[in-house]
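Could you put the whole structure together from the sequences, leaning on the hints where they help?
Here the protein sequences line up with chains A and B, keeping their order.
Its first residue numbered 3, the first sequence is counted upward by one per residue in the working numbering.
Its first residue numbered 925, the second sequence is counted upward by one per residue in the working numbering.
If you are wondering where the hints come from, they were derived from the structure by calculation, not from laboratory data.
Glycine included, C-beta positions come from ideal geometry on N, C-alpha and C.
No incorrect hints appear here.
Rough simulated footprint, nothing fancy, chain A against chain B, three-plus residues with beta-carbon under 8 Å:
id	stretch
1	1201-1209
2	1239-1250
No farther apart than 27 Å at their CA atoms in a straight line, the calculated lysine-lysine pairs in the DSS-like style are these:
id	chain 1	residue 1	chain 2	residue 2
3	B	LYS1211	A	LYS246
4	A	LYS169	A	LYS246
5	B	LYS1211	A	LYS143
6	B	LYS1091	B	LYS1046
7	A	LYS179	A	LYS169
8	B	LYS1279	B	LYS1009
9	B	LYS1088	B	LYS1279
10	A	LYS261	B	LYS1211
11	B	LYS1002	B	LYS958
12	A	LYS246	A	LYS261
13	B	LYS958	B	LYS1009
14	A	LYS253	B	LYS1211
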Amino acid sequence: MSFLSVVRGLGPNVTTHFRKRGRCLKPLPRELTSSSGDPAWLGVLGSERGRRDVISRGPGAMERRRRRLLADAFGAHKRRRRRQEPEPEGREAVEGALHSLAALFPRGLFDDALPPLVLRHQLYSLVPARTAVDQHLNSMKEEGLVRLFQLGFDTDAFGVVFTEDYKAKVVEAVAGKESEALVRRFLDSVLTPCADISYDMVRMMQDFGFRDADITQLVGAGVLTVRDAGSWWLAVPGAGRFMKAFLRGRKAVLALIQKARYREVLLAELQTRRPPRAVRLGLPYHIHDLIGAQLVRW
Amino acid sequence: MLGFISARQAGLDDPLRLRRAESTRRVLSLELNKDRDVERIHGSGINTLDIEPVEGRYMLSGGSDGVVILYDLENFSKKPCYTCKAVCSVGRSHPDVHRFSVETVQWYPHDTGMFTSSSFDKTLKIWDTNTLQPADIFNFEGTVYSHHMSPIATKHCLIAVGTKSPKVHLCDLKSGSCSHILQGHRQEVLAVSWSPRYEHVLATASADSRVKLWDVRRASGCLFTLDQHNGEKSKASSEAANTAHNGRVNGLCFTSDGLHLLTVGTDDRMRLWNSSTGQNTLVNYGKVCNTSRKGIKFAISRGCNPEFAFVPYESNIAVYTVYSGELITMLRGHYSTVDCCVFQSDFQELYSGSKDCTILAWVPALREPVPEEDNEKSLPLQSLNPAYEDAWSSSDDEG
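Here it is in structure tokens:
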């Protein structure tokens, strides 16, 4: 695990390079790269003044991608008949990733009142092909397998919940209250047919036949959240506690990495560390979140 | 490679296929080369670069000190080690030099006799290359962020100018005055670009998060405004309706066939749009760091398969495949923020200018044998046929 020394303090016209030795060609680019074969390091993005350590993912996804594209460009390899291996970007991979992330969600923490909530960008850390993940997730949403929720702290952050879990928890939350019948009606008539994230006044009143008083009750039950005058987001009842714990935990893990030496932490070591008290959702959940949202570089 | 050549020789393959494959291989192996350098003359950050479309030989660069320099990229010395020298320059001592930072330079699309430069001193100057005198000067009320002249236009000589005011000015070279104004944006216009497919279609990007496509022949407003949610009002909050990004839109680039448009914004996102319908193709490039308050100029490759986008990413250049959104590599080499990059499609070279006052040339690396990924029992290296070894060098020797 050796690091090449930092080329600093030299004028910009001096490019240090290695002499060609036999077949090994590449002149050294002008900045530090960690040699291939390094274990994965997590480093904090952000202000890069001062120490600027470049971290690579080992021989890494980028190199593999380059090689794959090179080979594809030439069509050099005949397509061998392989066994039906699951593609790394296929639908099954996305579903598997969703299930494994949902398993990471601590159900008991909120007295089992919340369905397992996964953030969309956590999927990107398990399945690196972002566009493919988006497409598969959209198709799953159209089929009604999952629902997407606007979580409120970031315009781009969406929460993903399996529809059955969501319905079960909503019914549980509202059981025995007077709005129960209304909520059930809402779940059956509105949730099932249309897969949207938000609803506005016109649609609610005309298409689905809810009145103002009904809508107020739904907001009170936690199924809808106010977006602005006359439109509402679909919401998970009781998600406020989750958001608070999540944001606190995210900040705590980021602070952990920031305080580390050189602002980078070995991933394997981070996973074995004891999580700070603010982290209530579990370290792996937050690690997937940070990697997927590209708040750290790994 | 030999397979490609023999297939082309026998007529089994289209000639274009060999060219595309080799171009792609060369772009994938872009790196800094100790043998190629660009002469360092600028005393401050470089904001813009442009390579002339006729021969791909001369490059213009505009700096934050108002200086415009013309480089010759061609290597006529018989040595592989070559520094691209400056042919001439509009320096600080020139009587008509721009007073403030030059934001955009562009060659006249049809020959190298003329070039245009626009600057923060609220002027757009048309220069005669041979005498280095301004042939015409257009004055505006606000600082000029960007200008562009259509590369394919034969029926008009309009230069679209984006300034601090929300109006897009179209200046006519023939008459020497500002002939049209396009109204529709609400804040300053940061980037403009003509379509390389239709000579009357113009795309403009503004700080109000909107990107509009215009047909300049129409008297009424724009053709359409790009909407990142594709009309699904449910996804956005209502004030974000009809916006291309959730922040200022900094950069615009059409793909070489003009069918798609790439935009980058300060919300750290890059989006690919279908330029004929205005639909967001929803390709996800991840986080594309963008902290520039002015425009950034990025480039898209031409003649490769898949096409690559070279986007300045803090002090590196990120290379993405355009249609699938994968990050291929980060080109590291600059010491400070990269502001602009241009792609020379004849030799598959990339030139990038940054705030550290240097222009770097990224040149395809010398050929290596294509690695056998999945065949562990591949031939040991020393028994590689000398016919596979590349006798060409990566720098360009003429003749």
